[in-house]
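Asker: These are the residues of each chain, in order.
There are 2 protein chains.
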Amino acid sequence: MQKAMLDMSSEMEFLRKTCSMLPICNLASIRFFRRMSSRQRRDVSVKSSYLIAKTPNENTIALTSKNIWGKEKLVINGSYDAYPWISSRESYMLDADEDEYGGVIIRPECLPQTADAFATILQSSLFHWKLQGKKGVWLRLPLDQAEFVPVAVKEGFKYHHAEQTYLMLTYWIPEGPCMLPANASHQVGVGGFVLNHRNEVLVVQEKHHYSFEDVWKLPTGFILENEEIFNGAVREVKEETGIDTEFLEVIAFRHVHHVAFEKSDLFFICMLKPLSTQIVVDELEIQAAKWMPLAEFVRQPCIQEDNMFKKIIDICIARLGKCYCGLTAHQVISKFDSRSSTLYYNVVEPEDYSCQVS
Amino acid sequence: MQKAMLDMSSEMEFLRKTCSMLPICNLASIRFFRRMSSRQRRDVSVKSSYLIAKTPNENTIALTSKNIWGKEKLVINGSYDAYPWISSRESYMLDADEDEYGGVIIRPECLPQTADAFATILQSSLFHWKLQGKKGVWLRLPLDQAEFVPVAVKEGFKYHHAEQTYLMLTYWIPEGPCMLPANASHQVGVGGFVLNHRNEVLVVQEKHHYSFEDVWKLPTGFILENEEIFNGAVREVKEETGIDTEFLEVIAFRHVHHVAFEKSDLFFICMLKPLSTQIVVDELEIQAAKWMPLAEFVRQPCIQEDNMFKKIIDICIARLGKCYCGLTAHQVISKFDSRSSTLYYNVVEPEDYSCQVS
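From first to last, the protein sequence lines stand for chains A and B. Note that our numbering numbers the first sequence so that position 37 is 52, with each residue one more than the last. Note that our numbering numbers the second sequence so that position 181 is 196, with each residue one more than the last.
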C-alpha cells in the first residue's frame with residue numbers, strides 16, 4: 016500500500032505539470048487521470064463521507080425516498096432502526112473521495128476486513144450515494160481481497176479493467192448509458208526495417224509457424240509497458256537477431272481492429288540503421304535470422320502477391336532513395352512536464368526537397 | 016454464449032486470412048490471437064482432457080510426484096482414494112483446449128454450476144496440468160460467475176484483464192517469470208486542426224476546467240472502441256463543435272506514459288478540412304467553441320511559452336504552406352484480410368517536392 020501511495024504522489028506531481036498542456040492535448044485523459052488521483056488529494060478534495068454528514072435535510076430525503084434496492088432489500092420505513100447494521104450511519108460509509116464529474120472513488124486502503132462487513136457497508140454507501148445523486152462509483156479491489164468481487168457484482172458493479180494485482184469495478188448510478196471512460200484499447204507493435212551497406216535486409220523466421228517456415232520477415236514484436244516506440248524497435252531487433260541498431264524514422268503505421276481480446280493494434284514500421292553485423296539468434300522465439308538481399312526479400316511471393324506488404328516495402332525503398340520522409344522522434348519536454356514525452360513528426364530536409372510555400 | 020461462438024467463428028475467419036501476413040506484420044499478436052481462438056478449433060486442436068487420458072505412465076507420475084499443492088492440501092499417498100472427490104478422474108477435469116505455447120485455455124461454457132464444484136475441479140485440473148508440464152492457464156470468468164473469482168485466486172491465479180462482462184485470469188505454472196502476453200497497453204486520442212478559408216482555426220473551451228477557463232484549444236477526444244483514427248478525429252470535431260470535416264492527414268503524434276491507470280497514451284494530431292461553418296456546441300462537455308484567427312490562437316501564452324505546443328503549431332502552419340507532408344490514410348486490404356486495416360503513410364506529391372534519388 017505504501018508503494019501505491021508513493022506512486023500516486025508522483026502521479027500527482029505529473030498531473031500538476033501536465034494539466035497546463037491545454038491548448039492541444041487530449042484533456043479527457045488528463046481529466047480522468049486527475050480523477051483517479053484525487054483520492055490522495057486530501058488538501059483539495061472533499062471526502063464524500065464528510066459531505067454526507069453536511070447534506071442539508073438528509074434525514075428527510077432518506078426517510079421519504081423510494082427504496083432503490085429492490086424488493087429483496089430492506090425497505091425504508093421512516094426510522095433508521097430499519098437498518099439493523101447502522102448504529103452511527105457515518106461510520107458505516109465506505110471512505111471515498113469525490114471526483115470532478117460527480118462520482119466517488121472508494122479508498123482501497125480503507126476497506127473492511129471481511130466480505131460480510133464489506134457487503135453491509137457497500138450497500139449502505141451505495142444507498143447514500145444514490146440519494147446524493149452521485150454518478151460513477153470506482154472500486155479498486157486488490158488481488159488479496161478477491162472475496163469482495165462477488166459481493167460488489169451482486170450489488171450491481173461491473174468490471175472496468177484489471178492488472179495482475181488488482182481489479183477495478185465500476186457502478187454507474189444514473190439512468191441512461193454509462194459515461195465512464197473506457198479502459199485501454201490498443202496494443203502497440205513495432206517492426207524494424209534494417210538495411211546494411213550491401214543492400215541486404217535483416218530478416219527472421221519465427222518459431223511456432225511451421226506452415227510458413229519458408230517465409231522470411233522483418234523482426235517484430237510488442238513494445239513493453241511504458242516503452243518508447245523507438246526503443247522498442249531497437250530492442251526487438253537486438254533480442255531476435257543480436258544486431259545493434261539506431262532508430263531513424265517511423266516510416267508508416269498500420270491500424271487494425273478486433274485482434275487479441277477484441278482490442279485494436281497499432282503497428283509502427285521503423286527504419287533502423289545497423290550498428291553491427293554479427294547475427295546471434297534468439298533461440299526461444301526465432302528459428303533463423305540472416306541478411307537477405309533486398310531484391311530477394313521483395314521477390315517473395317507473399318510480398319509480391321499482397322498489396323499491403325508491397326506498399327510497405329515500396330515505401331521503405333522510396334525512403335532509401337530519399338523520395339520519402341518518415342517521422343522522426345523528438346523529445347518535447349513541455350514546460351510543465353518533466354516526464355518522457357515523444358513527438359513524432361516529419362522533418363523535411365531542405366537539401367532533399369524544395370519547399371514551395373503557397 | 017451463442018454470440019460468443021459466432022464472434023469466435025468470425026475471428027477464426029479473420030485469423031485464417033491474417034496469418035498469411037507474415038513478412039512484415041507483428042506475428043506475436045496474430046499468434047496470440049490464434050491461441051485465444053483455439054478453443055473453438057475443435058477440428059485442429061486436441062483437448063487437454065483427451066491428452067491426459069493418453070499420457071503414458073501417468074499413474075506412476077501421479078503417485079510419485081511431490082505434492083505441489085502445499086501443506087494445506089491433500090497429500091498424494093499412493094492411491095487415488097486420497098482424492099475423495101475423484102471417482103472417474105477424467106470427468107473431473109475442466110474442459111480446456113491446448114494452445115500452441117504449451118498452455119491450456121479453459122472453456123468458459125463448460126464451467127460447473129457452483130463455487131464448491133469449481134474449486135474441486137480446478138484443483139484437480141491444475142494438478143494434472145502441472146504434471147503434464149503445461150505452462151500458461153487461461154480462465155475467462157463471466158460477470159455472472161463472479162463467485163468463482165476468489166476460488167481461482169486462492170489457487171494462485173492472477174488477473175490478466177477485464178472487460179465489462181468478464182474477467183480473464185491466468186496461472187503461470189513453470190518456475191521463472193511469466194511469459195504470457197500483456198493486456199492492452201494504450202489509449203488513443205485524437206485532436207483536430209481545422210482551418211477555414213479565413214485563416215481561422217476551430218477552437219473550444221472545455222467544461223470542468225475552471226482554472227483554465229480562458230484557454231482556447233483544439234477539439235480532442237478518445238477514439239471509440241475499434242474506431243479508425245481518421246473517423247475518430249472527424250467525429251470528435253463534429254460532436255464538440257457541430258462542424259463537419261474531412262480528414263486530410265495525421266500531422267504528428269505524441270507518445271506519453273503513465274497516464275490513466277498507468278497506461279500509455281498515443282495522441283494523433285490530425286489536419287481536417289472544414290465542410291461547414293455553423294458552430295453548434297456540445298453543451299455536455301464544451302463551454303464554448305468558435306473560429307479564432309490563427310495568429311490570435313498562436314499568440315496565447317500557453318502556446319508561446321511551451322516548446323511542445325509551439326512545435327505542433329509550427330508543423331501545422333508548415334503543412335498549410337506545403338512545407339510539410341503528414342501521413343495520409345489508405346485502406347490496404349491485404350489479399351488474405353477482408354477486415355478494415357488502415358496504413359498511414361506519407362505521400363510526397365511530385366508537384367510539391369523535387370525527389371532526389373540517391
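None of these hints come from the bench; they were simulated from the model. As the structure is a prediction and not an experimental result, all values here were calculated from the model. Hints should not be assumed to be uniformly reliable.
Since the list gives no way to pick out one identical chain from another, each pair is judged satisfied if it fits inside one copy or across any two copies.
[What the hints assert, rightly or not] Taking lysine-lysine pairs in the DSSO-like style, the calculated list, with each CA pair at most 27 Å apart, reads: (1) K150 to K253; (2) K326 to K337; (3) K325 to K173; (4) K325 to K288; (5) K253 to K288; (6) K253 to K169; (7) K222 to K145; (8) K150 to K288; (9) K145 to K326; (10) K150 to K326; (11) K150 to K222; (12) K288 to K145; (13) K305 to K288; (14) K173 to K253; (15) K305 to K222.
Asker: If a hint holds in the structure, say so; if it does not, say that too.
Answerer: Hint by hint, here is what the structure shows:
1. K150 to K253: between (49 Å within a copy, 26 Å between copies)
2. K326 to K337: Both: 16 Å inside a copy, 24 Å across copies.
3. K325 to K173: neither (45 Å within a copy, 42 Å between copies)
4. K325 to K288: within (21 Å within a copy, 30 Å between copies)
5. K253 to K288: within (12 Å within a copy, 42 Å between copies)
6. K253 to K169: Neither: 49 Å inside a chain and 39 Å across chains, both beyond 27 Å.
7. K222 to K145: Cα proximity of K222 and K145: across copies only (24 Å, versus 55 Å in one copy).
8. K150 to K288: Classified as neither: same-chain Cα gap 52 Å, cross-chain 37 Å, threshold 27 Å.
9. K145 to K326: neither (56 Å within a copy, 46 Å between copies)
10. K150 to K326: The answer is neither: 48 Å in one copy and 39 Å across copies each exceed 27 Å.
11. K150 to K222: between (50 Å within a copy, 17 Å between copies)
12. K288 to K145: Neither: 59 Å inside a copy, 44 Å across copies.
13. K305 to K288: within (16 Å within a copy, 46 Å between copies)
14. K173 to K253: For K173 and K253, neither the intra-copy (42 Å) nor the inter-copy (30 Å) Cα distance is at most 27 Å.
15. K305 to K222: Within. Shortest intra-copy distance 15 Å satisfies the 27 Å Cα cut-off; inter-copy 56 Å does not.
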